[in-house]
Amino acid sequence: MIALTPEQAAADATAAILADFTGGPHRGVIVDSPPGAGKTTLVVTAAMTLAGSGERLMIVAQTNEQVDDLTDKLASKAPGLSIGRLHSDGFTVPSRVTRHPGVTASNKIDQVEACTVVIATADKWAYVSERTWPWAIVDEAYQMRSDKLLAIAALFDRALFVGDPGQLDPFSVVDTERWAGLAWDPMQSAVAVIGRLNDLPVHRLPVSWRLPASAAPLVSEAFYPFAPFRSGTAAADRELKLATAGFPVAWDRTLNEAAATGWALHELPNRHTIRTDAEAVQACAGLATRLLQRGAVAHDENDTHPVSPDRIAIGCAHNDQVAAIRAAGVPAGITVDTANRLQGREYDVTIVLHPLSGRRDATAFHLESGRLCVLTSRHRHACIVVARAGIAELLDNHPSTGRVQLNVPVKFPDGWEANHAVLAHLSDHRVQA
Amino acid sequence: MSVISAYARALAVQTGRAQPVATVRHVHLSATPMVFIPLKLAGEAAAPLAALVGTDPANPRLLVVPQPRNRDLRFAFMAELADVMLPYVESFAGVTETVEAKTPYERSSDAPQLLVPNRGGIAFTKLLGRSTRFRRADGPYPVHPSVPVLGQWLTFLAERAEYAGSSALVAMTEALALHWATGQSPMEDANLATQLAWIAPPAGQNGPEAALAAEDPLTSPPAGPETHPDFDGQVLDHAIRAYETSSSPAQVREALRTQLEPTWTLMWQAVRLLRELPEAATVDARWAKDRDQFTRETARLADGGFPRGRIDGAVSAAIRLADLESALQTYEAQRAFDDPLVMAEHRVAGKAFSGEVVAVDATRRIVPPGKTRAAPRPLVTIRTSDPVRLSPGKRLSSSRNRKQKTEIVSIAGDLVVIQINDQMGRGSTPAPGSVPEVGEIVCYAELDPSGGQRPRLPSGEDTPWTHGGPPTPYVPTDEDAQEAWS
Amino acid sequence: MTRLDTLRGPAAPLDHNARTIAALAVNPGCDRRALLDAAGIDKQKTATHLGYPAPFGQSPFAITRAKSFDALVKANGCAHLLRLLRHTLGLSISEASYSDISDVGGNDNHQVRHTRTRALLKRAATDGEGAGTLFDHPLLKLGVAGHQVYLEPAIIAFQIEGRFHVVEIKSFAVIDDQADAGQVAAAARQSAVYVHALRALFASEGLDPDRVSHDVVLVCPKDFANHPTATLLDVRQQLAALDRQLSRLTRIDRILDELPVGITFDIETQSPDEPSKAVSTVDARFAPECLSSCEMALFCRAEARDSGSTDMLGRTARDELGGVESIPTALGLADGSRSASPEQTEIAEQLRYVRRIYTEAVA
Ligand code: SF4
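In order, the protein sequences belong to chains A, B and C. UniProt numbering puts the first residue of the first sequence at 1, with every later residue one more than the last. UniProt numbering puts the first residue of the second sequence at 1, with every later residue one more than the last. UniProt numbering puts the first residue of the third sequence at 1, with every later residue one more than the last.
Next comes chain A alone, as it looks inside the complex (with noise of 0.2 Å):
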């Protein structure tokens, strides 16, 4: 057998994908897109081959930010293409959006109607009523929760479901364990409920351009265990240089291995402490701060350039360990955000605050895989986790006693799993602090 280079088989992924989809027989296809494997690639060249046939269509997406993107995106490819932004009212459409002559952007549905494509987020949709659109791509489906869904399916009849399903699932706050085990939960996702309710052919993106060679292989193994995938480009194709060699502190020789080998774990002592613990809150501070001190260049296979601020994240679990990282100063421009809000972005050098650092025990908010995958894909160059010593006892010493309901779909991974391959992998890239 003759193994398919990567763009290969990504190609043919893609047409098999739009031929499914626009000439197969059933109402929804599904793909299921691991981090960085060309979703909005995806999505813009099926509404570029619809619209180019002459059919008009709707788009839908979770966040404003997902819009606005999927907007400049397809705008950007398709000039010539007449695309309403449906948006709320009291919204700023960002320039990056209104500056492109082919978009109308409006909060009125009338405004945009007759425009080929309309995009809006799911919740938007849901205003609009008494209009149907013959195709609809819905985009980040599995962050999109079951009832938003239901509140707009009578828009369309026929759609491409497309989302990671290895990203954090709908929430709420409220007890939903009524609804366990029935096919329509509302708490499930778009692409769990139309999954188990419909017959439908589900694709997988098989090769990810974002993350590097040194990381997909982790990623695909611990959190898409069923649904393998690899890295778009090899080893030798990405290089993260820093301009200064450093001294040799500890923050320095993190980024060294960083750089190196694009993975890190700045491991701090082991001890109990409070959410945000200020040592952990420095160093993720300081890791950054010196990043950028250093010069590091990234080089990969489109171009060298220079890792500017916006080229770098800092993640964590909880909304007071933002506040306390972005209190602790960290450089201008340089995003700082907890999991839920990074999903689906994407920057060269990533450091992350691990989700269990200076914890004692382990809560089941703390192992969802989906916070840990989103926090560990987002570099298309290295991750850096700061994390106190001990995690791998503390979840060792997890007590598995976790609530199963019948007839819900065991969800994998485990978090409790996930987190275990990580940490074995990160134990190889110790740096400790």
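Treat the hints as calculated values from the structure; they're not laboratory data. Mixed in with the good hints there might be a few duds.
Said to hold, decoys possible - Footprint (simulated), chain A over chain B, 3 or more residues, beta carbon under 8 Å: (1) 302 to 313; (2) 321 to 330; (3) 362 to 370; (4) 452 to 458; (5) 461 to 475.
To be verified - Only pairs whose alpha carbons sit at most 25 Å apart, straight line, appear in this in silico PhoX-like list of lysine-lysine: (6) K394(B) / K405(B); (7) K124(A) / K371(B); (8) K108(A) / K73(A); (9) K405(B) / K289(B); (10) K371(B) / K405(B); (11) K124(A) / K108(A); (12) K108(A) / K405(B); (13) K67(C) / K141(C); (14) K102(B) / K403(B); (15) K289(B) / K102(B); (16) K124(A) / K403(B); (17) K45(C) / K277(C); (18) K289(B) / K126(B); (19) K289(B) / K403(B); (20) K124(A) / K405(B); (21) K394(B) / K124(A); (22) K108(A) / K371(B); (23) K39(A) / K73(A).
C-beta: ideal position from N, C-alpha, C; glycine also.
Model the placement of chains B and C with the ligand on the given structure of chain A, informed by the hints.
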């Protein structure tokens, strides 16, 4: 749990007495609540064994099933329970008041309130409702006509209990935990006897001593619905056998009375303790929601409404989820705005802050995004010593006007600047009093008492293909009515 | 005599069973429990001897109910069960037979029964002869911390299309297709032990362990009736957790190494005081959850209370208190009567703030 309640628990250990985690009462307490302490037979899904029930502390009604495995005796028990509960529930149906709304409507002036000892009591109430609401008074296994009606009401109450802030069916341990932190763990607080021992230990004892004593199953039998295994083996088993030979339920009744009466006393003690707390400002508004729902259910049943189906369809599940979320959001905000001690939890978490207004730019006008004309958008600067963990753009509310929308503009050191967005009158400058003044102590929080908007959803008949298409609406069947209860 | 035997004293070691093995996962961080279990010590008796009898038990009604349901499902050569497997799960079993392995010519010696189990299952797996056969009361064996443990035969192994399924019969109700999530989880952990042991048996016989399915058939009473219903339960996650627990049991040696020499928990020849002291020398990791899962709970809770440990307030409270181990310390840091170690500066600052606004709000 927050660090405030963890601290209060630690303090309770040190002082030997439960410590407050609320300064006002957040649950509604009816003038005539009905206390209901049900027991079930161990090992069975929903076999009622006994109940102590009533509205008069001095006069509880003891109901027992002398042989819990006998189906006829169970239904007799349910009929007896209906005999106590239905007159109580229905007594509220007649008296109404007119609610001044866009379309004025009638609402019951008061509504039934059922108090059970713990979460288990709510779950069992739900199961009793589930096992009786489909029954019929005719057909192969007829039951007393009151039984299915009781089943409908128990179902209604149990479903209300899912909504945050509802007081229609209250688990006493949870009501107490809303107001006091004991020196034991939340898990142990599910034991009414030990929880009360910490809150109000008997004279001459401190909390931990009293709680330890209250763990003795002989003096403090479990508050149900499970009975103590030793009681089952050493007392109940014999009593049931005695009934089998003598047909006299006396021994079973006596045995179960000993298990239920101590909890009865505790329940009313808890009611007294809660009554001593002043009622929080929004309790009435939430109780009005309970009364609304009670009024609707009364009308629905009067119209011969079907018993609720076993499961929710896709649309009704989505609607309920939205309503549950909205109720919780409103409740959390209201509770915090009603009670500085609850607000303290949000302040510690960095989601709220309190401080003095040090500067006000009341005349500021800007063109808000998406608008074309300038409108008043005053800026208020507040000095706070709270660890604010909010970022610019976050929407806030305040107890000084819960409807007013504000947002954070900037945070620098201990100074927070907020912008006021509405509720300032129609004039070109803000109406007097609508904007805080310098020197005022204010508290703002990222809490939204409005509860958000319910998404627009299709009707059940229009359930789309993505969610399995329209479900067949629930119509009671003979099979449902004859479901085995063995 | 091994050290574990010395620890136990003259009492006979308690056998592990699927339930006790599954319980290893309940508080895996606790050395005390790990050691008591590894030494086969009767925790129930020990706790009673120390003056802290276990706070839970089983009602005779529940036991009777479980037995009668089990008997009902297995009655008439498992007629009910076969019906369920055919209809509810859509399995196409044309003919099925029933084979009771406990019946070894009146010999209920474990080794004999186990050998027979192996032989029967192997034959069924290799020549397909046992296809469609229900095997009742198989006796399985599993290595736990270096000991061979027999697993009590509360299950049925069932082969269809070359795959073996474990059937677990439980008497909690499935009402409107839902059951108590805690009880389902316990059943899943327990079934995982059987799947694991069955797979180990297959592997040792040179058969493909994956022929033992991770989908367990859970049989429970339906709604309020006595009538059984079956649900497939995927136990992959429980299997993974079990694998890890079993591989970690070697750490018993580490715990033993830290113990004073000559120490024993023997309750038969010592007064309560001595084993009490001995038990206290082994680290515990008390959490209120122990109260429903470990026989030693009241002893450990009393110990936690005596030492003013934040553990007694629950895991969340302890985490909120920044991992400070003792309540007096936490309160001392809060009111400033205790100075903070460098490690405690942050939590101390937070506690002082909490104390201030708490006091303000309560006043
Ligand atoms: S009760 Fe004691 S011995 Fe048992 S698990 Fe808990 S801490 Fe360990």
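Verification of the hints:
Against chain A, the region 302 to 313 of chain B contributes 3 residues with a C-beta closer than 8 Å to a partner C-beta. That satisfies the three-residue criterion, and the hint holds. Beta-carbon proximity to chain A at under 8 Å applies to 6 residues in the region 321 to 330 of chain B; the threshold of 3 is reached and the given coverage holds. Given as covered by chain A, the region 362 to 370 of chain B passes the check, having 3 residues with a CB less than 8 Å from a CB of that chain where 3 are the minimum. As drawn, the region 452 to 458 of chain B meets chain A at 4 residues by the rule of a beta-carbon pair under 8 Å; at three or more, the given contact holds.
Under a criterion of three residues with beta carbons nearer than 8 Å to beta carbons of chain A, the stated coverage of the region 461 to 475 of chain B is upheld, 7 such residues being counted. Between K394(B) and K405(B), the direct Cα distance comes to roughly 10 Å. Compliance with the 25 Å bound is thereby established for this hinted pair. Our distance criterion of 25 Å between C-alpha atoms is met by K124(A) and K371(B), whose separation comes to about 19 Å. Distance hint between K108(A) and K73(A) is fulfilled; the C-alpha atoms sit about 22 Å from each other, no more than 25 Å.
A distance of roughly 24 Å separates the Cα atoms of K405(B) and K289(B); the hinted pair therefore holds under the 25 Å criterion. Taking the CA atoms of K371(B) and K405(B), the gap is about 17 Å. The hint holds against a cut of 25 Å. The straight-line distance between the Cα atoms of K124(A) and K108(A) is roughly 10 Å, inside the 25 Å bound, and the hint therefore holds. The straight-line distance between the Cα atoms of K108(A) and K405(B) is roughly 24 Å, inside the 25 Å bound, and the hint therefore holds.
At roughly 24 Å between alpha-carbon atoms, K67(C) and K141(C) fall within 25 Å of each other, so this suggested pair holds. Our distance criterion of 25 Å between C-alpha atoms is met by K102(B) and K403(B), whose separation comes to about 19 Å. Proximity of K289(B) to K102(B) is assessed by CA-CA distance (about 17 Å); at most 25 Å being required, the pair is judged to hold. For the suggested pair K124(A) and K403(B), the alpha carbons sit about 23 Å apart, so the restraint of at most 25 Å is met.
A distance of roughly 16 Å separates the Cα atoms of K45(C) and K277(C); the hinted pair therefore holds under the 25 Å criterion. With a C-alpha separation of about 20 Å, the suggested pair K289(B) and K126(B) falls inside the 25 Å cut-off, and the hint holds. Restraint check for K289(B) and K403(B): satisfied, since their Cα atoms lie roughly 19 Å apart, inside the 25 Å limit. For the hint pairing K124(A) with K405(B), the CA-to-CA distance comes to about 21 Å; that is within 25 Å, so the pair holds.
A hinted pair counts as satisfied when its Cα atoms are at most 25 Å apart, and K394(B) with K124(A) qualifies at roughly 20 Å. A hinted pair counts as satisfied when its Cα atoms are at most 25 Å apart, and K108(A) with K371(B) qualifies at roughly 14 Å. For the given pair, K39(A) sits about 12 Å from K73(A) by alpha-carbon distance, which is consistent with the 25 Å threshold.
Comparing the model with each numbered hint stated earlier shows that all of them hold.
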